[in-house]
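All the letters of the sequence shown, read from the start, carry residue numbers 3 to 516 under this note's numbering.
These aren't lab readings, by the way, just hints derived from the structure by calculation.
A couple of the hints might just be wrong.
With a straight-line cut-off of 27 angstroms between C-alpha atoms, the simulated DSS-like cross-links for lysine-lysine are [unchecked claim]:
(1) K212 with K66
(2) K459 with K430
(3) K273 with K141
(4) K459 with K493
(5) K367 with K66
(6) K420 with K80
(7) K66 with K80
(8) K499 with K416
(9) K492 with K430
(10) K430 with K416
(11) K35 with K459
(12) K80 with K212
(13) K301 with K141
(14) K307 with K273
(15) K301 with K286
(16) K273 with K301
(17) K141 with K241
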Amino acid sequence: MSLLDPYLSPLTADQVAHLLRRATFGPTASQVKSLTGQTAARLVTMLLADQSQPAPPLDLTTGKPFHDQPFDTVNAGKLTGYVKNWWANLMLNQPLSLLEKTTLFWSNHFVTRDSTVNDYRFMYRYSALLRQHALGNFKALAVAVTQDPAMLRFLNGNQNVAGTANENYARELQELFVTGRNGGYSEDDVRAAAKVLTGWADTGYRDATKAEISTVFRANRHDTTDKTFSAAYQNTVIKGRSGASAGVDELNELLDMLLRNAETPRYICRKLYRWFVNADIPAKVETDFIQPLAEVFRKSNFELKPVLAALFQSQHFFDEALRGAVIKSPVDLVVGTFRFWGLQASDQNLTAYYQIGNYLYARVKEQQQDLLNPPTVFGWTAYYQTGYYQQWINSTTLGLRGFFGDALTTNALKLNAKPVIDVLAYVKTLSDPSDPAKLVNDLTGQLLALTLTQPQKDFLIDTILLNSIPRYEWTGEWNDYIKSPNDMAKKQAVQIKLTAFLQYVFRMAEYQVT
3 MSLLDPYLSP LTADQVAHLL RRATFGPTAS QVKSLTGQTA ARLVTMLLAD
53 QSQPAPPLDL TTGKPFHDQP FDTVNAGKLT GYVKNWWANL MLNQPLSLLE
103 KTTLFWSNHF VTRDSTVNDY RFMYRYSALL RQHALGNFKA LAVAVTQDPA
153 MLRFLNGNQN VAGTANENYA RELQELFVTG RNGGYSEDDV RAAAKVLTGW
203 ADTGYRDATK AEISTVFRAN RHDTTDKTFS AAYQNTVIKG RSGASAGVDE
253 LNELLDMLLR NAETPRYICR KLYRWFVNAD IPAKVETDFI QPLAEVFRKS
303 NFELKPVLAA LFQSQHFFDE ALRGAVIKSP VDLVVGTFRF WGLQASDQNL
353 TAYYQIGNYL YARVKEQQQD LLNPPTVFGW TAYYQTGYYQ QWINSTTLGL
403 RGFFGDALTT NALKLNAKPV IDVLAYVKTL SDPSDPAKLV NDLTGQLLAL
453 TLTQPQKDFL IDTILLNSIP RYEWTGEWND YIKSPNDMAK KQAVQIKLTA
503 FLQYVFRMAE YQVT
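Work out the full structure, taking the sequences as your base and the hints as a guide.
Here it is, written out as structure tokens:
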């Protein structure tokens, strides 16, 4: 039996939650409840459904888009922030869809950095391009990224001209973006690919007078000689061309050649696996999951939806040993926590909208996942091929992750004058809040990816929630509150205990994994 064989049984609540934690930025409690009993095939079809492209970010001052205006030197920093806050809110408001999680994946794969590019309009366009192609065809995505103005800036493609070829992008295209380090390419292949890519340039960079930004192919700066590649690419020769279509024609041939390398589909499938399933790839997973998934990728002409559908419907994906096997990224932690408590960012009030987006982005950035600005061309450290997934938790971020949970539970944080968490309203939705054992079982079952042992649950009940009072006293306190919900003393008697309980849970190791 292949690990890629489909999982056919109706999904339990725990399995639905697992799927949505990995495929999106986290489920709401109502989503898990309504989707329990569906099949993986049905849910994956929903997750892969086409989505409309979101409206662009707006300038808080004018209430209008700014990505299609001349570069604003004075307000560039503020407008860059709006782009990032807008994306954070797209993640928060996401429907039942793989789109935003996969867009983030590609931003960590085809890396550009806003601190290097330094034009917010370029970065918005790059983000929109990733979203447009995120669930489409991999070759089309690679071709589009190669011509993208932000990428031309970031990896010096705009300096790549005949006679003095710049090899930066040609190298990363093979090493990081398509073939991977195991593809067997040589330095001569890097030089040949660089010649293929000569002649491209961005236009409109930081132009304060004209709004248009684009890409242009300069035929007079293109290397028109034949480009010969090594045995890693079947000794392919890409015939040199001249004229206006030379750049596109040779680029398409280059990508076709890279895709024929046997390592390419395996390399991309490994990266998808590490992002969505598990950082570790043992030999059995390589043989019985990655290899057949790569065949799906190759046979589908490098369409992404068949690969993602096979991955998320597989028996291996629903292996219980994989639950809690991934440390939450800052985005998963921050956005996922907000989503669980039902927070949404409404664009009906732009000030309130950006207050939420700004808070989300600030917490994610300080926990070392700066949107549109990974630290290097390799992406965020936790996703390096050699396995650095534990780096999301370090001496800097551990305290910040805890502080984030504290701010939510103590109601020190108020967004748009409201606490993020209404713990009493939430607890009322559980099966039997008057029974502390059932309350803790329900709450941890929904909040945590891992199932706790009974001694762990007993500790949470008796020591954390009840602070050593008898369990029956909680039943009395809860029932008294329900009878007199406006009695502040009775309300606080249960609210203080629940707040302390949540504060502890948010700091548990089990809450840091997904």
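Cross-check of the supplied hints:
Distance check on the hinted pair: K212 and K66 sit about 17 angstroms apart at the alpha-carbon level, within 27 angstroms; holds. Pair hint K459 plus K430 holds up; C-alpha atoms about 20 angstroms apart against a cutoff of 27 angstroms. For the proposed pair K273 and K141, the alpha carbon gap of about 16 angstroms is at most 27 angstroms, so the pair holds. The straight-line distance between the Cα atoms of K459 and K493 is roughly 24 angstroms, inside the 27 angstroms bound, and the hint therefore holds.
Our distance criterion of 27 angstroms between C-alpha atoms is met by K367 and K66, whose separation comes to about 26 angstroms. Straight-line distance between C-alpha atoms of K420 and K80 comes to about 25 angstroms, which keeps the hinted pair within the 27 angstroms bound. Among the hinted pairs, K66 with K80 is consistent with the structure: their alpha-carbon atoms are about 14 angstroms apart, no more than 27 angstroms. A distance of roughly 20 angstroms separates the Cα atoms of K499 and K416; the hinted pair therefore holds under the 27 angstroms criterion.
Taking the CA atoms of K492 and K430, the gap is about 15 angstroms. The hint holds against a cut of 27 angstroms. Between K430 and K416 the alpha-carbon distance is near 22 angstroms, which keeps this suggested pair within the 27 angstroms criterion. Simply put, K35 and K459 have alpha-carbon atoms about 22 angstroms apart, close enough for the 27 angstroms limit, and the pair holds. With a C-alpha separation of about 20 angstroms, the suggested pair K80 and K212 falls inside the 27 angstroms cut-off, and the hint holds.
Taken as a hint, the K301 and K141 pair is honoured in the structure, with Cα atoms around 13 angstroms apart against an allowance of 27 angstroms. As the CA atoms of K307 and K273 are separated by approximately 15 angstroms, the hinted pair is consistent with the 27 angstroms bound. Among the hinted pairs, K301 with K286 is consistent with the structure: their alpha-carbon atoms are about 22 angstroms apart, no more than 27 angstroms. Between the alpha carbons of K273 and K301 the distance comes to roughly 19 angstroms, so the proposed pair stays at or under 27 angstroms and holds.
For the hint linking K141 to K241, the alpha-carbon distance of about 20 angstroms falls within 27 angstroms, and the restraint holds.
Going through the hint list in order, the structure satisfies each hint without exception.
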